[in-house]
Amino acid sequence: MKYQSQGVAKLYFIAAIALFVTQILFGLIMGLQYVIGDFLFPTIPFNAARMVHTNTLIVWLIMAFMGAAYYLIPEEAETELHSPLLATIMFWVFLAAAGLTVVGYLVVPYATLAAVTGNEYFPTMGREFLEQPTITKIGIVIVVLAFLFNIGMTILKGRKTVINLIMLIGMVGLAVFFLFAFYVPDNLVLDKFFWWWTVHMWVEGVWELILGSILAFVLIKVTGVDREVIEKWLYIIIAMSLITGIIGMGHHYFWIGTPEYWQWWGSVFSALEPIPFFMMTVFAFNMVNQRRRNHPNKVATLWALGTAVMAFLGAGVWGFLHTLAPVNFYTHGSQITAAHGHMAFYGAYVMINLTIISYAMPLIRGRNAANPPKAQMLEMWAFWLMTVSMVFITLFLTGAGILQVYMQRMGENPESFMAVQDNISLFYWLREGAGLVFFIGLIVYVASFFVGHDEPEAAE
Amino acid sequence: MAQTFTKTMARNIFYGGTAFFFLLLIALTFDTLGTLPERDNRAALDSPVGSQIKRGKYLFETNDCIGCHTLLGEGAYFAPELGNVYVRFGNSKDAIIGFIKSRPANGIPGRRSMPQFGFSDEDLDALAEFLKYVSEINTAGWPPNIQG
Chain A
1 MKYQSQGVAK LYFIAAIALF VTQILFGLIM GLQYVIGDFL FPTIPFNAAR
51 MVHTNTLIVW LIMAFMGAAY YLIPEEAETE LHSPLLATIM FWVFLAAAGL
101 TVVGYLVVPY ATLAAVTGNE YFPTMGREFL EQPTITKIGI VIVVLAFLFN
151 IGMTILKGRK TVINLIMLIG MVGLAVFFLF AFYVPDNLVL DKFFWWWTVH
201 MWVEGVWELI LGSILAFVLI KVTGVDREVI EKWLYIIIAM SLITGIIGMG
251 HHYFWIGTPE YWQWWGSVFS ALEPIPFFMM TVFAFNMVNQ RRRNHPNKVA
301 TLWALGTAVM AFLGAGVWGF LHTLAPVNFY THGSQITAAH GHMAFYGAYV
351 MINLTIISYA MPLIRGRNAA NPPKAQMLEM WAFWLMTVSM VFITLFLTGA
401 GILQVYMQRM GENPESFMAV QDNISLFYWL REGAGLVFFI GLIVYVASFF
451 VGHDEPEAAE
Chain B
461 MAQTFTKTMA RNIFYGGTAF FFLLLIALTF DTLGTLPERD NRAALDSPVG
511 SQIKRGKYLF ETNDCIGCHT LLGEGAYFAP ELGNVYVRFG NSKDAIIGFI
561 KSRPANGIPG RRSMPQFGFS DEDLDALAEF LKYVSEINTA GWPPNIQG
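So the sequences go chain by chain: A and B. Read in order, the letters of the first sequence are residues 1 to 460 in our numbering. Read in order, the letters of the second sequence are residues 461 to 608 in our numbering.
Read the hints as simulated data drawn from the structure, not as lab findings. One thing to keep in mind: the hints can contain errors.
No farther apart than 25 Å at their CA atoms in a straight line, the calculated lysine-lysine pairs in the DSS-like style are these [to be verified]: (1) A:Lys-160 / B:Lys-467; (2) B:Lys-561 / B:Lys-514; (3) A:Lys-374 / A:Lys-10; (4) A:Lys-160 / A:Lys-298; (5) A:Lys-157 / B:Lys-467; (6) A:Lys-157 / A:Lys-374.
Quick list of the computed label-pair ranges, beta carbon to beta carbon [claimed, not checked]: (7) A:Thr-88 / B:Arg-571: 12 to 22 Å; (8) B:Thr-464 / A:Ala-18: 46 to 56 Å; (9) B:Phe-480 / A:Phe-149: 26 to 36 Å; (10) B:Leu-484 / A:Ser-416: 40 to 50 Å; (11) B:Pro-497 / A:Pro-326: 23 to 33 Å.
From the derived model, a few chain A residues whose C-beta atoms are all more than 10 Å from chain B [what the hints assert, rightly or not]: (12) Ala-48; (13) Met-51; (14) Glu-78; (15) Glu-80; (16) Met-153; (17) Lys-157; (18) Phe-178; (19) Val-184; (20) Asn-187; (21) Arg-291; (22) Ala-338; (23) Met-410; (24) Asn-423; (25) Gly-452; (26) Asp-454.
Just so it is clear, CB atoms sit at the ideal spot from N, CA and C, and this is done for glycine as well.
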């Protein structure tokens, strides 16, 4: 760690991991509710568990993005962070807002939460992923604005690098597109149309800039490859992300009341969306092959390569699988969508955050370069357990989805939704099993922070 | 090998490409907004039942229906599609109201069940009007069949 203020990232990373554990616990609850329908009913109905599962995911990813920014921006800018105090205060505000919101989801019915938070005066609640009470959303805006001010000032006074610039653009984009969360018109088609301006523009737009800049930063560090080379790759990858991804939003506009021409725009451009992810894979492996040093933090390199591969599979391949309009006509809103969602989020955004945490945490905790071999070995076990089980979760959901689509939407005598759910329950059991393995992997991951730290650190 | 493809070129592709395609998105958005009045059933919102539809949408949101169901294919995949539930229930608001009303408070042993929300008759009618309004949006023929 070159600058004292980078240490503020530690808070963000620790909270991110804690929320990650919460997310997976509630994922397991939901998985069980898929096969034992009355599990925890009516104490924790499925929708409440799902809000916790998806909202903790979103919050911990953003928290880890912020931690990543607080870590890498001072180092890139070669100066201390503008205000570590502001970063610390905003961390606690963010954590309190997230914590209270999760408690609200769990202890009172959602309608009560809406009533006590005054949703009727400024209704924004009740849309998928954006379920937070309006007051929480306003809190998020304040936290993000303070964050942007903090990193913006740091970048202004320091060295301007491509990585910092792209990170800043990505974060500004995250803030700007979140504002659509406050627009909830009565007209459902308009509502859905602009809801995607937050959701799609985040995960298939500006978040890819954040992903790209973190990956580029870590690759410069662990491979020692010339910055010029890596920055050129970064520019071209994110260029392709936005060139394909912006109009690629059309794949959400096939069946929600929008005109049919979106079937062409959406199919053509989103069919190109795997390209930047494929380039990312080529990029990561090329840089590691051309490395000029053998960085002792082997597991950070593993996470970086894993991100590139899994993002390509989850976002690229599994996205393409159902993105063409004639296919999507049958698969829209099925378990195929769920399969893609799981591997894409894990492969792209979970793994990039675990990459930067893996790289930065040993340094923040006072190591020269890396954790002792024993801790790294344990973290590698976590990598494989989580990654392989996520592949299986995805495969089982894909199997469930194919059967669901066939029985419910294609066969001679289409069956009802609930009848089909019963028919495919075997796949849900298998998914739950894979989910348990994922959770074991996560426990191993957390354990790797505590094991073997009295031993000497790994050397080159 | 000579540097034929430079970092400056890559940067220009990023800025130029992003600007171009964002402007294209804006243009397509304006065009879409122009065509929506013929597709999105907005006339219903100005009809005598318009206020009920709006109330129904608000109830749909503040009870997190989307946390289990899909609506026009978007939402959770735990419970049936609701975009066409009005049609699936025989074009009957009463059937929808009867279903929501009759959910047992403690669920059904071993099975998924919708919670008992305890809606008033007025609220039930608003929800049913909302679902009827959604079923009349032009969704380019989706879902493939009545099962949603």
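Verification of the hints:
no.: 1; hint: A:Lys-160 / B:Lys-467; verdict: 15 Å, holds
no.: 2; hint: B:Lys-561 / B:Lys-514; verdict: 20 Å, holds
no.: 3; hint: A:Lys-374 / A:Lys-10; verdict: 21 Å, holds
no.: 4; hint: A:Lys-160 / A:Lys-298; verdict: 29 Å, violated
no.: 5; hint: A:Lys-157 / B:Lys-467; verdict: 24 Å, holds
no.: 6; hint: A:Lys-157 / A:Lys-374; verdict: 40 Å, violated
no.: 7; hint: A:Thr-88 / B:Arg-571: 12 to 22 Å; verdict: 48 Å, violated
no.: 8; hint: B:Thr-464 / A:Ala-18: 46 to 56 Å; verdict: 49 Å, holds
no.: 9; hint: B:Phe-480 / A:Phe-149: 26 to 36 Å; verdict: 30 Å, holds
no.: 10; hint: B:Leu-484 / A:Ser-416: 40 to 50 Å; verdict: 41 Å, holds
no.: 11; hint: B:Pro-497 / A:Pro-326: 23 to 33 Å; verdict: 27 Å, holds
no.: 12; hint: Ala-48; verdict: 7 Å, violated
no.: 13; hint: Met-51; verdict: 6 Å, violated
no.: 14; hint: Glu-78; verdict: 20 Å, holds
no.: 15; hint: Glu-80; verdict: 28 Å, holds
no.: 16; hint: Met-153; verdict: 23 Å, holds
no.: 17; hint: Lys-157; verdict: 23 Å, holds
no.: 18; hint: Phe-178; verdict: 17 Å, holds
no.: 19; hint: Val-184; verdict: 8 Å, violated
no.: 20; hint: Asn-187; verdict: 6 Å, violated
no.: 21; hint: Arg-291; verdict: 20 Å, holds
no.: 22; hint: Ala-338; verdict: 6 Å, violated
no.: 23; hint: Met-410; verdict: 7 Å, violated
no.: 24; hint: Asn-423; verdict: 13 Å, holds
no.: 25; hint: Gly-452; verdict: 41 Å, holds
no.: 26; hint: Asp-454; verdict: 45 Å, holds
Checked against the numbered hints above, the structure breaks hints 4, 6, 7, 12, 13, 19, 20, 22 and 23 and satisfies the rest.
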